[in-house]
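Chemist: As a plain string of letters, each chain reads:
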Amino acid sequence: MVKGNINSIETFGTLDGPGIRVVIFMQGCMLECIYCHNSDMIQRGVGKKYSVNKLLKEIMKYKSYMDTSKGGITLSGGEPLTQYKFVYSFLKECKKNGIHTALDTCCHVNKNVIKQVSKVCDLFMVCIKQFSKNKKISHSRYNLNKVLDNILYLSNELGKTIILRHVLVPGYTDGKEELDKLTDFAKKLKNLQFIEILPYHSMGEHKSGMLKTRKLNIPSEKEVLKCAEFIRKKGIKTKVNC
Amino acid sequence: MFKDIKNFIKSSYKPYEGDSSFLKGPTKRTIRLLKKINILLKKETKKGVLSIDTKVSSSILSHKPGYINKKNERIVGLQTDKPLKRAVKIFGGLQSSEIAASFYGYRLDKKMTEFFKKYRKTHNEGVMSVYNDDIKKLVWKGVITGLPDSYARGRLIGDYRKVAFYGVDKLVQSKKEDFNKIPFESSEENIRLREEVFEQITALEELKKMAEGYGFDISQPASNAKEAIQWTYLAYLAAIKEQDGAAMSLGRVDSFFDVYIEKDIQEGKLTEEHAQELIDDLVIKLRLVRHLRTPQYNELFAGDPTWVTCSLGGTTADGKPMITKTSYRFLQTLFNLGPSPEPNLTVLWSKGLFENFKRFAVYTSIKTSCLQYENDDIMKPYFNDDYAISCCVSAMDTGKDTQFFGARCNIAKLLLIAINGGKDEMSGELLGPQEPVMDDKVLDYNKVIIRFDKYLDWLCKNYADMMNVIHYMHDKYNYERLQMALHDTFVRRFMAFGIAGFSVLIDSLSAIKYAQVKPVKNNDGLIIDYETKGEFPKFGNDDAKVDLIAIEVVEKIEKVFKKYRCYRGATPTMSLLTITSNVVYGKKTGNTPDGRRNGEPFAPGANPMNGRDKRGALASLNSVAKIPYSRCLDGISNTFSIIPNTLGPDETKRTENLVSLLDVYFNKGGHHINVNVIDKDRLQKAMEHPEKYPNLTVRVSGYAVNFSKLSKEQQLDVISRTFHLKV
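As you go down the protein sequences, you meet chains A and B in turn.
Sequential numbering from 1 applies to the first sequence in this note's numbering.
Sequential numbering from 1 applies to the second sequence in this note's numbering.
Just chain A, with the same shape it has in the complex (with noise of 0.2 angstroms):
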């Protein structure tokens, strides 16, 4: 059996998706994100090794909890679909013992995946690194059409219920035409949730990773009002997660 690399488990999860939440964040990324705040999680293969039913069995440990809140398990990372295969079956088998499964994703993956994984997990929330080339948030080989065809389909196509959050870094992605192309997209998908705005936060820093992460300006509560506003105009649901 195929086992998972894991950088670390957050039991009280209540930011990730509905209720409380067991995060287990997955080590692994294919993005190489400027605003990333677990650059410590972007190499592949390292971690803890853990096995499906390992796994399966510390989460049991916070069933009740997620029961009683409507909660259940976010997988974040790293992107977890770097390690579709382990996904995949440690999924099932959450669905297996009634837990409500999400991925904190950045869907930059092939199709086939993303209709894999789809059978097993109830809720995606992906982040769309940058509509406009203009702003460097990812590197080079960020391939958006892929993204946006993959959130089509997981929304319009298999009917997968859809939250988009949107990083928000001042002078990066709050410019107009950036937010306009995203609520353009947004009102594409019939089974978006809302989006969800994260303000940018320096408390990942620290962190040694991959990046030499350059100095981002973390946006003030107006800035943020702001984008939620003009989110909010376009008719567009919105949230606020800081």
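Honestly, the hints are just simulated from the structure, not real lab data.
Any given hint could be a false lead.
Unchecked claim - Calculated pairs, EDC-like style, for lysine to aspartate or glutamate (alpha carbon to alpha carbon, straight line, at most 20 angstroms):
#1 A:Lys119 - A:Glu93
#2 B:Lys626 - B:Glu552
#3 A:Lys226 - B:Asp650
#4 B:Lys653 - A:Asp67
#5 A:Lys70 - B:Glu355
#6 A:Lys57 - B:Asp543
#7 A:Lys70 - B:Asp663
#8 B:Lys513 - B:Glu535
#9 B:Lys380 - B:Asp4
#10 B:Lys668 - A:Glu58
#11 A:Lys61 - B:Asp663
#12 B:Lys626 - A:Glu58
With the hints as your guide, set chain B onto chain A.
Modeler: What follows is chain B alone, placed relative to chain A:
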């Protein structure tokens, strides 16, 4: 008509299932009164104490009636003739009263001190006259600390409701009947009890006189809400005029008061606004309770605590929620009067409580950090359904149980003493029976356990000896006449032992078992440090490997406490509770095998060590919930600190998540939890500018304190305690 007060409450109270929308804000009168008090409180904060009456040792009738502002008070009564003026209580100990007074620049009246020196021995002198050198050493070296040998023991709760329910005359009559029931056979026990009941009756008569001073005839039962609250409070007031125990708790009054309030409202005699005003006024009085403490006491129990613990909610034996509008009204005082550590509001949580109440309580927590929660479902089988919490986590069947308070021993230090063959790891002094210092290159788990068990036995024996001495002398020289008058004559007694440094001990044992621990000796051959190589599981991560050690240790220690005879046939119980004393205990404990450095604070209560719970809050809660309450019937304290954002994305979600968290934690067998919803930033700012945050309350194990009243050291400790912060 009713068999007793418990029967009266259960057959008369009206459960309230609705939400908090009926509640009313403070009246103009309340705001006026509050302004007056805030001026006094500010003065007190500046000076440490506002003033001290140095002339008289406090008793029920020692002081004239006192008022804040007579015409603006709905509920009256102060400990002395002026608000915040502190009284001395010499029967506990003359020397400690003198030290406390002189610390604040006062001198006790010469005539009074001379009287005590010449004619009246105190509790403290009684204890010191029979302590032996071994015991004194254990106190000095910080192995056993905080025991009530120089101050009143407290912890017992009189059933103050009785005064309102029966009226004093009936209580006196019933005590007289009891007196005649005690066999006149000349056993020491019978003679003592007869004398005690006689004293109880005298105290009740004094209480009646004290009430007359305030213009109330309390010989007959209360006939309306105002009287019920006032008379209950007068009974409590008489108790705190007579005694200055560490914890002088109020008991469980919410559903009792509610019966009277509902009746008055129904009859059109009272409005909601005025009902709230009565509760607000009572709580104002409870916030003004003061005792005079020595600096040593303050170091141990920081923030001038009085533990006026007030239990709210809970369920009846058949599972009916005892939630009334008055349970809400008590919570509402935190909004009407602002947050405050006192009275120590304690919600008795049960799966079966009304959801609306759960949500309002949790909402109050998030806004004020002023509540603690305890598991009604696991306490009820031991203490019935009219128990109340005393101090932080000690349950007692109201008026039927009492306890001999015993602070705590330092169980982490005991491990170091055991490894060093009886020697204090800090001074090298021999404290107990001598054994060779363990000479293994790498400590062997089984050998360490054998050693530890041996010294555990020695410690528990000495601890029990101390307790027997202290409580014998307390009964003899500082008997709680009034509080015991409000108990059944024949009571169930507990002797409450406690342990501190729990998670340090558990992690140290885990290190010895799962990693390699090399002792490091100094030139005298004393082990003063440990080099620990390799990984080992730590308590607080829901890891069975180490959590099992925790369970085993708890079961073992409790068993040893049960071996020793307790004074007056008391049943020994145990607590995992430190309040703020974890800081002082840490100071007196050398390097430990878990990597904790010499002098570093312990985690409070049963908490995992600061920063070692790596899996987030639920894993930490699960570990603590595994500690068996059946072996720690005096309570298992757990402090949960979290920043608001981490509880959920918005207010509704935060409330829902916290309700779920409490439901499951208690369902898993957790006993107690303090909830601190405060961000680190705010605490750090409050440290820099305490004057800007006079009302900032934080919960420490089992108790809430004003953050600004803590020492810098304790403030840092609070901040370093795990903030379950997720990045």
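Chemist: Broken hints, numbered, in rising order?
Modeler: none
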